Every structure is written in C-alpha cells, then in structure tokens.
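Can you make the complete structure from the sequences, with help from the hints?
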Amino acid sequence: MSQPIKLPRWVDIGVIPALNILAALAVSALVILSLGEDPIEALDVMLYGAFGYDEAIGYTLYYTTNFIFTGLAVAVAFHAGLFNIGGEGQAYIGGLGVGLLILALDRWLPWYAILPLAIVAAALFGGAWAAVPGWLQAYRGSHIVITTIMFNFIASALMVHLMVNVLIKPGQMSPESREFAESAWLPLGHEMFAALGIDFSRSPLNFSFLIALLASGLVAIFIWRTRWGYAIRTVGRNETAAVYAGIDPKKTVFLTMALSGALAGMVGINEIMGVQHKLLLNFTAGYGFTGIAVSLMGRNHPFGIVLASLLFGALYQGGAELDFEFEQITRDMVVVIQGLIILFSGALAYMFNPMVARLAGRFAAARGQEG
Amino acid sequence: MAGGGKPPAIELKGISKSFGPVQANRDVTLRVMPGTIHGIVGENGAGKSTLMSILYGFYQADAGEILVDGKGVIIESSRAAIDLGIGMVHQHFMLVETMSVLDNVMLGSEGGALLDAGEKATRQELARLSSDYGLTVDPDELISDLSVGQQQRVEILKALVRGARILVLDEPTGVLTPQEADRLFEILAALKERGVTIILITHKLREILAATDTVSVMRQGEMVAHRTTSETSADELAELMVGRKVLLRVDKKPAEAKGMVLSADGLTVTDARGVERVKNACFQVRAGEIVGIAGVAGNGQSELLQALAGIRPLSGGSFSVNGTRIVDTGHALDPHEARRLGIAHVPEDRHHMGLVTAFTAHENHILGHHDWPDFNRGLLLDREAAIADCAAEMERYDVRPPNPQLTAAMFSGGNQQKIVLARELETKPKLLLVGQPTRGVDIGAIEFIHNTLVSMRDQGAAVLLVSVELDEIMSLSDRILVMSAGRIVGEMEAAEADPRRIGLMMADIPEEAPWDGKAA
Amino acid sequence: ADFKPAVVFDMGGKFDKSFNEGVYEGAERFKKETGDSYLEFEVTNETQREQAIRRMARRGANPILGVGFAQGPAIEKVAKEYPDTSFAIIDSVVDVPNVQSIVFNEHEGSFLVGVLAAKASKSGTISFVGGMDIPLIRRFACGYVGGAQWANKDIKVIQNMTGSTPAAWNDPTKGAELARSQFDRGSDVVFAAAGSTGLGVLQAADDAKKLAIGVDSNQNYLHPGTMLTSMLKRVDIAAYNVFMAGKKGELKPGINVLGLGENGVGWALDEHNKSLVSEDMKALVAKAEAGIKSGDIKVHDYMADNTCPY
Amino acid sequence: MAESYLLVLLTLDATLRVATPLILASMAGLFAERSGVIDIGLEGKMLAAAFAAAATAAVTGSAWLGLVVAILVSVALALLHGFACITHRGNQVVSGVAVNVIASGLTVVLGIAWFHQGGRTPTLDAEFRFTEHALPLAEALRGIPVLGPLYYEVISGHNFLVYLALAVVPLTWWVVYRTRFGLRLRAVGENPAAVDTAGISVTGLRYSAMAIAGLLCGIAGAYLSTAHSAAFVRDMTAGKGYMALAAMIFGKWKPVPALFACLLFGFLDALAVRLQGVELPVIGVFPVQLIQALPYILTVVLLAGFIGKAVAPKASGTPYVKERT
Ligand SMILES: Nc1ncnc2c1ncn2[C@@H]1O[C@H](COP(=O)(O)OP(=O)(O)OP(=O)(O)O)[C@@H](O)[C@H]1O
Ligand SMILES: Nc1ncnc2c1ncn2[C@@H]1O[C@H](COP(=O)(O)OP(=O)(O)OP(=O)(O)O)[C@@H](O)[C@H]1O
Ligand SMILES: [Mg+2]
Ligand SMILES: [Mg+2]
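Chains as they are written, first to last, in the working numbering: chain B, 1 to 371; chain F, 372 to 891; chain C, 892 to 1201; chain D, 1202 to 1526.
It is worth saying that the hints were derived from the structure and are not from the lab.
Don't take every hint at face value.
Said to hold, decoys possible - Below, a list of computed lysine-lysine pairs in the DSS-like style, where the Cα atoms sit at most 25 Å apart:
hint : chain 1 : residue 1 : chain 2 : residue 2
1    : C       : 968       : B       : 278
2    : B       : 278       : B       : 169
3    : C       : 895       : C       : 923
4    : C       : 1139      : C       : 923
5    : D       : 1523      : F       : 384
6    : C       : 1143      : C       : 971
7    : B       : 278       : C       : 971
8    : D       : 1510      : B       : 251
9    : C       : 968       : C       : 1138
10   : C       : 1044      : C       : 1184
11   : B       : 250       : D       : 1510
12   : C       : 1178      : C       : 1044
13   : C       : 968       : B       : 169
14   : F       : 799       : F       : 629
15   : D       : 1515      : D       : 1453
16   : C       : 1100      : C       : 1047
17   : B       : 250       : D       : 1515
18   : F       : 442       : F       : 384
19   : C       : 1165      : C       : 1178
20   : F       : 624       : F       : 801
21   : F       : 563       : F       : 442
22   : C       : 1178      : C       : 1013
23   : C       : 923       : C       : 1138
24   : B       : 169       : C       : 971
Claimed, not checked - Far from chain B, some chain D residues (derived; all Cβ distances over 12 Å):
hint : residue
25   : 1260
26   : 1262
27   : 1334
28   : 1367
29   : 1464
30   : 1481
Predicted model, so just to flag it, every value in this text is computed and none were measured.
From the three backbone atoms N, C-alpha and C, an ideal C-beta is built for every residue, glycine too.
Okay, here's the thing in structure tokens:
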C-alpha cells in the first residue's frame, strides 16, 4: 500500500476506518435512493433482520463465524506481506477434508471425538491448498495473487468432479453426499442454549462459533506474542531486516500461507459439520472473498476482524430481510455494500488521510495556542 | 574566464528542498558559465543529486530561482528541462532494461505518433554521434545485455539526441572501470569543444582536477565554496568537503590488541547479477582493536560486512572467527549461527536492515534475538522481559524518549541508531561489525556512539568499522584498511595515516603519481 | 389464523419464463380468483432455501410450497420443525407426514414432443439440450428419444447436457452454444429442458431459423415462427391446486403423481405455433397420447432404473 | 473422415465465439499491466458492460447504443481503478477486487429493480443485437474440399464483434510495438522513472492505458450480452475476466501469444461444453472438469517457471512514488 501520512494512533485506527465505512455506506445509500427506496428505512429493516429476534441473531452469528475464519486467513497472510485471494478455494477444500473425514467416521464416533480430527482435516486440506501457491511464490517466484485466483477455479472444478462423479449419494439428483449420522453433527446454538436452560430459536448457529472466537484469540496471541508470529510480521514489514535477523523469508512465506489456508479451511467445520451435515457444492458462497473485506475493515487485527465479521454477518442476514420488505431492493445490495467497503477501506484507504491530517494539524495548533 | 560577456548557462539562486523532515538543499546558489565543465563535489547525502534533479525538473524546489542563459525559467517537469536543452545522466540509470538501445534513446523524443520515421532519424543521429564523439553502441542491443559503461553511453546519447546543450552527469564514474572513465572524459572534452556546458558530479578529486574548469563544494545541503579548478588543490577541496568544523576527536588510549578474532583469507563475494563486489580480501582483526575500512560508498564494503555477518554467501575464500573456520566457499553462514559465534552486526542501512521501522522499540530490541530464551517463556514471547530489557538499555544509551512502546519510525535517526547499537552491543560480542554508525546522526549522538565503540574495544571486542566518513575512520580506528573497487588497496596504522594519503588510495591513485591536474 | 399461503421460488427466479414462472402463474391465478394474497421469496443462493422456508413457517404461512427438487432437503428439515404447517414440494419426494410431494411424469410429455420433433424434422436429425446432468433431465431426454423413435425409427437424436452443477440452469450463453453446435451437426429441431439456459437455446434456434421446443411453461410466444411447441409440465396447476387445497384445509400428504392422464403434462398448441403443426402431426400425437393413456405405449421412465433403452 | 473434419471445424467455430470476450479482455489486461497497473478488475468491467449493453439495447432498441453505453460504463470503472491506485496509490489488487464485487452486486440490484426478472434483462430481438454475417462467397466456396468448409464454418458467419476482436489483436500489437504511445507504455510498466525523466507524464500514460482497458472490456461485455447471447444474466462473465488474465499471463504479456492462449482456452471451453455428459468410447464419461480447470492449471505451471518463464512488467503492482515524505 502507499505511504500513509503519519497520524496519531487513535485517528489511524479509529477515525479513518470510520470515515471509510461512512463513505461506503453513503454511496450505498445513494444507490438505494436511486432505486426509489428510503435508505434509512432499509437500514432499519436490515438492523431488525440482523438483530431483531433471536433466530436473526443466530443467523447473524452463523455468518459471522465464517467471516471470522476467512478474515483471519486473509489477515495472517497480510502480516507476512502476502495477499491471499484464495480463501474461497481453501475454504472449499477445507470443507472437503471435513466431509471426507466425517463420511468415514460418523458411524463410529460421536461429534466430540470427530471434532478435533475434523479441525485437523480442515486445516490440512485448506492449508495444503494455500501452501502450494505459497511455495510457488517463495521458491519459484510466481505471483501469489494470480496463483491463488487460479487455485480457486481449480478447487471449484475439483469439487464439482468429486461431487458429481464420486461423492454423490447414489440415486439422487443434487450432487450431494449422503447426510452424516446425526451423532456427528456439531451441537447447534439453540441446543446449547437449551442445555443452559435458555430458550433460543433454531438457527444454523453452532458450536463452531466458539471455535471461531477461540481461533481469533489464538491468532492474536500467535501473531503478537510468539516468536513465529514475530517472524511473520518481520518478513511482512521488512524482508531485508528479516534476513538480517536470521529469519528465512521463503520458509516463512510458505508456512504462513499454509496457516492462512488452514484458517480458511475452518469454514468447513462451520458449514459442513455444523450446518449442512453433508458435502455439497458451493457451500463457501463467497465467504472467502468477503474475508478480504473483513480483514481490510478489521485492519488485520483479530479483534477488528471479529467486529467486522459481525458487521458483515449482520449485512448478510439483514440483507436477506431486504428481499422481504422492499419491492426494489434485494439482498444483492449487500454485495454492493461489500464491494464499496473493499473500495473505501482498502483501495482508497488513505484517501481521507491528507484531509484528516490537515484537520488534526489545525486542531493541534488550536490546542497549542490555548495551552 | 570562459564565457566572456555571456550570461551563465545555468544560474541557481536560493534553491531549497525538503523531503519530509530531511532538508536536502538549503539556499543553494550555483553559476555555470557556458561551454565550461563545472564540477560539484560533496560527501554522500550532501544534496548533489537532489540539486541536479531540481534543475532537471524531476523534483520541484520548495524555494529558489532557476535561470537558463540568463532568463528566469520554471522547470515543472523533465519535459521543460529537455526543451531548455538540459540533459541529465542520473546516478541510477533511467533505462528500460527490457528495451533496445534505440527504443531507450527515442523514448520521449520519438518524432511523431508512429515509430517508423523516428527510428530512422534516430539511427542516423546515433551514427552521427558515434562518428563525432566515438560514442558507439549497437542500437539494436537490449539494455540488459550491455555493460554498465555501455549503459552510461546510452544515457549520454539519450541526452545528446534530445539536443542537450547543458549536460549534467551525476557520479558518472562511480560504476566505471578506469579505462571506461578515461573514455568518458575524452568524450566530455569533445563535447565541451563543441560548446556543450557540462556539470559533473563526483566524489573523486582526481577527476575534478583533471576535467573541470570550475568546481563547487556541497556539504549537508549547502553550497560551501566555489573555486576555479586551476587555482585550487586536492587538499583544499578535501578540506572543504569534510568541513572546517572541529574534527571530532575521540579520547582513547592506545589499543591493547590481543589474540586474533577475525581472519579473512581471500574473501570473494559475488552479487546476484554475478558481479564480483569483494575481491580476494585478506585481513585480520584482533581482540581489543578497531579496524576501520575507508572507501567511497559502493566499493564493496557493504558486501564484505554482510558476508561476515552471514547474510551473503561467499563465492570464494574463507574466514575464521576465534580460530574456528566457519565458512567455506559457496557455503553460507546464517545470521543465527553468526550471532551464536559472538558476531554482532550494526548494519549500514538501519532503515532497510537494522530496524523494522513499523515495529515498536522493544520489538526492534529483540530483532535477531527473538528466539533467545531470555525473551521467550515457553511458547510465548516474554514481552515484559523485552520491554524491561529495552527500557534499561534505552536508559543506558540515552535514547530519547526512553519509551520502549514507541514505534521505531518515531525516533530521530540518531536515536534509532542507538536502539540498534544497544541491541547489538549488549550481547557482549567477540566480533563487532559496524557499518556507517553515524550516517545521518546528529553531533551529540555521534560523540556518544564513538565513545561507546571505543569502550567496546577496551572491553576486548574486535571491532570492524566501515564508514565513508574519513574523519570517523581516522579518529576511531587503530588500524585502517582502504577499499577500492572491491579490493583492499591499502593498510596502515592509524598513527601513520593522513587524510590525503587515504583519499588518494580511495580514489585508487598510486601514491607516486604526481598531482598534475590533468588526466593520466 | 389468517389463511396465508407461501411459495419459495428457486434459483432462476419467478420470471424464468419456464419452471418457476409456471408456478408463479398458478399462484397468480389463485390470487386473482380468490382475492387471497400469498407470500413469496426468490432464492438466490444455496444456503437461502432453508432460511426462506423457515422464515415463511415462522411467519405463520400455510401451506408452504417449495419449487424444485433442490428444495427437498430444506422442506424436509423445516417440515419436521413445524409439524402443524402443511408443505408441498414440486419435483421431489419428501417423506414427512405434513408434506405433499408433487412429481410429474415428464417422460410422457417428452414422448409427445419427441413425436412432434421427429415429424417436423426435415433433416432426420433432432436434438436435446439438458440443463444440469441429473436423472430428472435424463428422464426428459429419454422420453423425447422414445417418442421420436416411435414416430420415425431412423431418427437421429443428438443430446447435450449443459453442466453438472446448478449453474447449468442459468447459463443461456452455453445453451445457445450447444444448440448452435447441434444445428451445425444437422439437427433442425431442438428440445431444451434446461431452465433459464433454455432461453439461450430457443434464441439460438430463432437466430438459425431452426425449430425449438420449450419446456415447463408454454414458451411458444417467445419466438413465434420457430417455436414448434412447448412440453408442458403443469406446475401452474400444481401450485394452484396446492393453494386451493390449503385454503380448504385439505392439502393431503403423500406423493401426488401428475402424468398425461392427470393432465399434468402435455404439449402446447396456440396461435404462435399453429402454422408449424400440421394436421397429420396432430393426429399422430393424438394417437401417441391415447396409446400412453391406455397403456398400449409404455414410455420408459429413466428414473426407474437409470437407463434409457432407446 | 469428413464427419470428424466437420466436427473439428465446428469446435473451432465455437472456439472463436467463446474466445472473443477472452481476447478483448486479455488485450485490455495487457494494456493495463504493460502500463504497470495490475488489473484484477477485468471481470467486473466486463460484467458491468454486459449489463449496460443489454439494458440499453433493451430500452432503446439499439445494439450500437448498447455498445457505447457499455464502453462508457466500463471506462468509468477503469478510471475508478485508476483513481484508487494511480492517484491515491492504493493497492491495485484490492482495488480490482472491489471493482469486481461492486459490479457483481450492482448489476443484479439494478437489473432486478429495472426489469423485475431476477437480475436478467429482457431478451433482445435479433434486430437489437449484433447478429451473424456470412462473409462474401461463403456459400459459393463451401464446396471446395477442405478449405471450403473451413471458410464457411469457421471463418464466415460470425457477428461483427468477433471480427472486431480478431482485428484488435494486430491493432494492439501495432499500437504497443509500432507507435509512440506503445513505446512509452512499454517503458512505463518497466521503469516509470525512466519515462518521467524523459519528460513524459507517468500518471497520464497510466490513465490512458486504463481507459483503453476499459474500452476493450466494454466491447467484451457488450459482446457477451448483445451478440453471443440475447440478454444479460446475473454473473454472466462467470470467471471469463480471470481467464483472460490467465491468458494474458500465459501469453507473456504479448498480444499474439495472448491471442493463442485465448484461443486455446476457448477451445478447451468449447470442447468441455461438447463433452459434458457424453459417453465416449473407452474412456466413458470424460471428466470435463479437468478440461475446464486446464487453463488455470497451465497458467500456474507456467508461472512457476516449469514451462518457460513469464516475467511481468517490472513495475506492475507498485505505485510510482517519487518523493518520500
Ligand atoms: N526521493 C527522496 N525522498 C526522500 N529523501 C530523499 C530523496 N532523495 C534524496 N533524499 C534525501 O536527501 C538528501 C540528499 O540526497 P542526495 O541524493 O541529493 O545526496 P547526494 O549528494 O547526491 O549524495 P550521494 O553522494 O550519495 O549521491 C539525503 O539525505 C537523502 O536521504
Ligand atoms: N526516491 C527515493 N525515495 C526514497 N528514498 C530515497 C529515494 N532516493 C534516494 N533515497 C534515499 O536517500 C538516500 C541517499 O540518496 P541517494 O539516492 O543519493 O543514495 P544512493 O545513491 O542509494 O547511495 P550512494 O550515494 O551511496 O550511492 C538513500 O539512503 C536512499 O535510500
Ligand atoms: Mg547517491
Ligand atoms: Mg547523488
């Protein structure tokens, strides 16, 4: 990214992102206005649809779970200076790993015994799918952006082939595997609440939400509190300094990509083991791409990513409500908003800096005169 | 003298230019008479390139006036400069490596929307220039296939084809072999004969004396003197370059050199492009002495230091530290192992190598030591330990502000350097490799850094110091090596060193050669 | 409670000029006749189906009609959660006590248009473009081939499927591409059973001035002059019946098979194609129709054994 | 024999039709990347243009007007990309992704709002589209063995935009290698400082390249919705932009090799479509997914340097920063 103008920290992580999102929302509002609908009302509907009742909250958090995983994946790679656009494919293949494992074990083991193995499977499959582009970047000099894009398409073709020709449940139209034994399903949110004596409506929210929160915590610790995270950040910030410090940038790139893919692969836990309970096509539904927006918005910090995921979860869930309430707006509006957030929080991230810097300078000067 | 009643070809008045906090040019004035060769000398970072880039419209001055042929002009782009007949050969060539000589020469002066006509005309022009000045290059060759000397020829051709009457050459000989340099000066003489005004930037006094009519000296962004070449001497110019300010004298006892720590035997280092940057270097450094390497930047010192620190592989020779032969041909020592062997390294370029400017001070404090037990507790980094350690070192090294949580980029250059020094020196190294320890550092910090290095020596460390500041080398070193073009061309005890002699060696002139003011 | 029926359209949307649109027409007819409004939702991605159906149930809609086999699993799940709500699903069998499963004998309808195609073909080669390669579509194809061969045993039938994923329902460009390649190989009548993809097929036929056969709804009006006919799958009647039965509170669970006998399938003849269908074509189709109804002609059902004997 | 020759010809014929948008978009990518700006946003520009063309043609009844509006929309998106990563030095990949996401959302939102057909635009009648033209003498020469059918089936009988796309390739070659603009373009992607010191505006050059990329993507999009098909459907580009990018890389940033990469990829696509669900002798049902993935696999292999080396313009991906502040 370009050279940012130096600003106070609170401006840099508070004011600027807020301005960027406001800009994205303002443009979205213009689009809604041009459709002849009321943006405020739309916002209201979306908020209600996302948080207004417990099923909605369940759905919001279910989407949030996916975004946390893909957002973390993009962020981890970013810390090593890598742009992983392949979250979509990695999540897809990660889900494949989960599905294959459960198909093999669901008759023998209960979910809690399968879960650790499934996490390993998701991480291994997703990780491998990212490690190859990582290796190619580190040792063969190919561009990570291009290879991860290509790997998305290859993943999709591979999955279609497997689902259509190999894994499809015989005698069935949709290319879907058989449903897993119920004992292998992750506990759903309402079941967990029920166990606590709380009444909660049914929704796809499931145990993996907790895994996602745990993963955010672990990633935060890993990146900022371990020597490996330190090595990753050093490579990302200054490769020459990394070499000077005895860190092998190539190895780091390779391993970071594997880790990034592993995180994206965890989408498979939520989708396959938690919600769909079978292998099917397109369960990634763009979550991998949204991870880019989530990561950009969350400023590559797990805490920010959880917040951004919640925002996107609310957008996705509340966006569905738009379909019901408005003649002219559909949930595709959410995609537009998402694109605008990527534009303003990512590509135009520093557009407001000079303006804010000027304001901040004037503000500081004014304060200086008073004091 | 030259020019008679004509106005100066170039006149700069009160030029100032800052890059953020760096003031590269401060109120600079310069007059160059038409048809003369004017030299500009100055140390690294004195602002020479910046000044010329302003004249060439590449940068815009913050303040000041430019007059060409006595008329005030505004040069808001290189296009404007070219139109005024100004051409420039940049220090770092501005060539497109994947394109042919012809394409590079034509770029910007294609003579029409289609290339055909322009190509033909340019070929003719190149042929003419070749016969006029002996500037011969195959127009169809790719730039990437040319030697550096030939590339420079292309740069000159570019300027001439665009009709330059005023030609600026920024350190043209830094990358040339002596033979190539001689050819260049013949060409410049021929150009001058045909009325071209030339501004020549160089570090090498021999070249100034041999080739120029007048000369200006820059120092820390300011123009400090103008001389007629025939009325000055190498000694005077060297003094002007280094400045009249008090030489920083370091109080130090004579060295008590003890056992051998570093012994290099035929060290050779080749860079990624296959160029030998260090050639067959043999030297020793003993415990308790500072050995300084003097030389113009880019003569292999950086590569030598990096090879010793395990960052670059050797392509020939070997060296040993404390009697252990640790590196063989083609076999890289890695920085980890180097640290384990007691080698500490203060790199020349703290921004690009020594620091991660986006990290906090305490994070930088563990750079290279991040996997040491001191800074780890089980799987986790022991941040508290790093912060505490960093805070203590900041106190001891007087880093201001002494705040370990502050981002490295927020410290001034001198304080950044102290952070690096603190990190490297506090490991109690047996061998300390130091590159440009005071580049861009303020006076107070320089003194502190110098004293620290001496006390390291007194505690028994072997110190290898690389610096382009001659007075720094002179005042710190117990023994001095001089490097030129990748070779160690001289070695002397500090006591018997004098700046003139070292300067001559740096310029790689045999000591016997008389200063006759003309090209050899 | 208020009577509030609901329909969840599948991907392609209610204006796909085909399958979903048929359902939409049935629902609209119901609305016009009874004055009762209904809830609707158009699914745009795979994960929305279950959510949309559940949302309808939660809002108290009853009955809830799911359109398309892909909604089967979602209907099954939600129907179990809402045992007091009635559901219906088209093109899939869901064995839950409060679900009516409506399936069509597509092979019978396809047989009829196969007869017409064979009769209309001058080149002796006809073709078929399927959507997603699934048994249901092969059932269309198989019936079509059967009918064509019954009418002309030397007929050559070229078959292509658009793809093996749900995306194959929504790719008119590819459909057109396939149709063109079939025309180039001699076909002069093409039958498209491919959802929105079929629109591209019909378009390509119009461009190349070949004959085309539509599917599900009556698509004859789309390209008058080149539309030979449309194989009707009366999802409109199915939808209308579901809503009507729901209104009366008598929507029965179980499997509801709609074949030729029940007027569930058929072929379209209207002002847009009457000039293309000659009297003896009509006569021959009528003969086939009678034969199927009487059982004299056995149309092979691909889905019975996953093979096509023709 | 004749039968299989015809089959080959027909597949080649389809190859041309399928490759047309790839050719246009890969030439667009070539201009952008030669100027030093990575363009992931080919997909989005094409998609937006396809929508604009179909919507305009549906409303006004003019395919030409549709083409013009498609170009305008696509150029506007290209300039937005330029604004983000040339003027504001934003990350080029992020900016391209943003363009793609915005286009994929906005086309559907507007499509549904304007036409109420689930994101589709109304089907265009033949006279509102670019329809196929038989070349002179096609029918007459058809009988000539070998060449006759080749001319009739493959070369003749395409719409105007197919021929335009084919013409764009030599034109691109000519512009890039034989004109002043091309010389500067090649230079600015390799070393913007060299261009700057030659007195040429780096920003101006890059914006021009973006505009050309927009223009070409606009034509590609119009082709998709108003020539190859007769309507816009949601997500109609379905990865063609990325495939064009892959083809451009595969063609090593050179027009003619990129053309052949497009034709290869188009051929694979045409082949995959024809093999879908078809039982082949010996092999049985061929896994068409393998053919579909082949362009991407080949590109990865090429980029990894296993089959020749593809070297991107040196400056691509990095904004031109002259002064550090
Ligand atoms: N583009 C730039 N952005 C920021 N700072 C710069 C830039 N160019 C030069 N500087 C700074 O300006 C000062 C003067 O640099 P300049 O290149 O003019 O020196 P010089 O006299 O040419 O030195 P040398 O002998 O090393 O070539 C230095 O401190 C340098 O760091
Ligand atoms: N365009 C630039 N942007 C940022 N920093 C620059 C730029 N140009 C020069 N610098 C920095 O300014 C310093 C001196 O500038 P200059 O380009 O003259 O140095 P150099 O040529 O790399 O070194 P030397 O003078 O030793 O050959 C260097 O440290 C360099 O990193
Ligand atoms: Mg320099
Ligand atoms: Mg310089």
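Verification of the hints:
With a C-alpha separation of about 14 Å, the suggested pair residue 968(C) and residue 278(B) falls inside the 25 Å cut-off, and the hint holds. Between residue 278(B) and residue 169(B) the alpha-carbon distance is near 10 Å, which keeps this suggested pair within the 25 Å criterion. Restraint check: the Cα-Cα separation between residue 895(C) and residue 923(C) comes to about 15 Å, which is no more than 25 Å; the hinted pair holds. For the given pair, residue 1139(C) sits about 17 Å from residue 923(C) by alpha-carbon distance, which is consistent with the 25 Å threshold.
With a C-alpha separation of about 24 Å, the suggested pair residue 1523(D) and residue 384(F) falls inside the 25 Å cut-off, and the hint holds. A distance of roughly 16 Å separates the Cα atoms of residue 1143(C) and residue 971(C); the hinted pair therefore holds under the 25 Å criterion. Under the criterion of a C-alpha separation no larger than 25 Å, the hint pairing residue 278(B) with residue 971(C) is consistent with the structure, at around 18 Å. Our distance criterion of 25 Å between C-alpha atoms is met by residue 1510(D) and residue 251(B), whose separation comes to about 23 Å.
At most 25 Å may separate the alpha-carbon atoms for a hinted pair to count; residue 968(C) and residue 1138(C) meet this at roughly 24 Å. Distance restraint check for residue 1044(C) and residue 1184(C): the Cα-Cα separation of roughly 22 Å lies within the 25 Å cut-off, and the hinted pair is therefore satisfied. The hinted pair formed by residue 250(B) and residue 1510(D) meets the criterion: a straight-line CA distance of about 20 Å does not exceed 25 Å. A threshold of 25 Å between alpha carbons decides the hint, and for residue 1178(C) with residue 1044(C) the separation of about 16 Å falls inside it, so the pair holds.
Restraint check for residue 968(C) and residue 169(B): satisfied, since their Cα atoms lie roughly 18 Å apart, inside the 25 Å limit. As the CA atoms of residue 799(F) and residue 629(F) are separated by approximately 17 Å, the hinted pair is consistent with the 25 Å bound. Proposed proximity of residue 1515(D) and residue 1453(D) is supported: the alpha carbons are some 13 Å apart, at most 25 Å. In summary, the hint linking residue 1100(C) to residue 1047(C) is supported, as the alpha carbons are separated by about 20 Å, within the 25 Å threshold.
Restraint check for residue 250(B) and residue 1515(D): the C-alpha separation of about 21 Å stays at or below 25 Å, so the hint holds. For a cut-off of 25 Å, the pair hint linking residue 442(F) to residue 384(F) stands: about 12 Å separates their Cα positions. For a cut-off of 25 Å, the pair hint linking residue 1165(C) to residue 1178(C) stands: about 18 Å separates their Cα positions. Annotation: proposed proximity of residue 624(F) to residue 801(F) holds, straight-line Cα distance about 20 Å (limit 25 Å).
Of the pairs offered as hints, the one joining residue 563(F) and residue 442(F) holds, with about 22 Å between alpha carbons and a cut-off of 25 Å not exceeded. Of the pairs offered as hints, the one joining residue 1178(C) and residue 1013(C) holds, with about 21 Å between alpha carbons and a cut-off of 25 Å not exceeded. Taken as a hint, the residue 923(C) and residue 1138(C) pair is honoured in the structure, with Cα atoms around 14 Å apart against an allowance of 25 Å. A C-alpha spacing of about 22 Å is found between residue 169(B) and residue 971(C), which places the hinted pair at or below 25 Å, so the restraint holds.
No Cβ of chain B comes within 12 Å of the Cβ of residue 1260(D); the nearest lies about 16 Å off, and the non-interface call holds. Residue 1262(D), annotated as away from the interface, keeps every beta carbon of chain B farther than 12 Å; the closest lies near 24 Å. Here residue 1334(D) stays apart from chain B, with its beta-carbon at least about 34 Å from theirs, past the 12 Å limit. Even its closest Cβ contact with chain B, about 26 Å, leaves residue 1367(D) beyond 12 Å, as expected for a residue assigned away from the interface.
Non-interface status of residue 1464(D) relative to chain B is upheld: no Cβ of that chain comes within 12 Å, the nearest being about 19 Å off. For residue 1481(D), the non-interface assignment is confirmed: its Cβ lies about 14 Å from the closest Cβ of chain B, beyond the 12 Å cut-off.
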